Amino acid sequence: MLCTNESPECRDIDITACGLTEWKKKCKRRCGECECKDSYVFCGNRTNECKKSLFSSYCGQTCQHCEKHCYDFFGFDVCFKMKKLNYHPCLPGNNGCRFYCGEC
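At position 94 of the sequence shown the residue is numbered 94 (full-length UniProt numbering), and the sequence of numbers has no breaks.
For the record, the hints were derived by calculation from the structure and aren't laboratory data.
Possibly wrong hints are sitting among the right ones.
[Unchecked claim] In the DSS-like style, the derived pairs of lysine-lysine whose C-alpha atoms are separated by at most 27 Å in a straight line are: (1) K37 with K52; (2) K26 with K52; (3) K81 with K28; (4) K26 with K81; (5) K37 with K51; (6) K52 with K28; (7) K37 with K24; (8) K51 with K28; (9) K37 with K81; (10) K25 with K37; (11) K26 with K37.
[Claimed, not checked] Here are the in silico distance ranges between beta carbons for each label pair: (12) N86 with D14: 20 to 26 Å; (13) F42 with T16: 34 to 40 Å; (14) N45 with G93: 33 to 39 Å; (15) R11 with Y87: 16 to 22 Å.
It should be emphasised that the depicted structure is a prediction, and the values quoted were computed from it without experimental measurement.
The beta-carbon is built from N, C-alpha and C at its ideal position, and this holds for glycine as well.
Kindly generate the complete structure, drawing on both the sequences and the hints.
What follows is the structure in C-alpha cells.
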C-alpha cells in the first residue's frame, strides 16, 4: 500500500499539527508516519525501473526514495512569506523550508 497524504490540506499544516491523531491519519507522509519499505517482492532486482514514478512509489526502499521526517524548520507560513518577499527560501543549502520547496 502506498503511503501518501490523503488530503490536499496536508501541504499547508504546520508540523506541530501531526501531534493530533486526526492529522496523523490524513497526512501520513507529511507527519513522518510512512515506513521505509518496498510494497512488492519484485522490487529488489529491478532497480533499473526506479525512474518510473509508479515503480519508485511502490519500491521506495529499493529506489532509495525513503525520506526522513520532512518538515519546514521555519514553518510553512514563514516559508510562504519569504517567497512572497523574494527571499528565495528554495535556494540550495537553505534547509529551513524543505517541505515547502518540494525537496522531500
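_Verify the CB-CB distance for N86 and D14 against the hinted window 20 to 26 Å._
holds (23 Å)
_Check the hint pairing K26 with K37 against an upper bound of 27 Å on the C-alpha distance._
holds (20 Å)
*So does F42 sit 34 to 40 Å from T16, Cβ to Cβ?*
39 Å Cβ-Cβ, so the 34 to 40 Å window holds.
*asked:* Can you confirm whether the C-alpha distance between K37 and K51 stays at or below 27 Å?
replied: holds (17 Å)
*Is the straight-line distance between the alpha-carbon of K37 and that of K52 27 Å or less?*
holds (17 Å)
_Need the status of pair K37, K24: alpha-carbon distance at most 27 Å?_
With a Cα-Cα distance of about 19 Å, the restraint between K37 and K24 holds, given a limit of 27 Å.
_Verdict for R11, Y87 (Cβ pair) under range 16 to 22 Å_ = holds (20 Å)
*Compare the distance between the alpha carbons of K52 and K28 with 27 Å, and conclude whether the hinted pair is satisfied.*
With Cα atoms ~23 Å apart, K52 and K28 stay inside 27 Å; holds.
*Restraint check for K51 with K28, where alpha carbons must lie at most 27 Å apart*: holds (23 Å)
*asked:* Need the status of pair K37, K81: alpha-carbon distance at most 27 Å?
replied: violated (35 Å)
_Agreement of K25 and K37 with the hint, judged by alpha carbon distance not exceeding 27 Å_ = holds (19 Å)
_Hinted pair, alpha-carbon criterion (27 Å max): K26, K52. Please report holds or violated._
Answer holds: K26 to K52 is near 26 Å, not above 27 Å.
In the structure shown, a violation is registered for the earlier hint numbered 9 alone.
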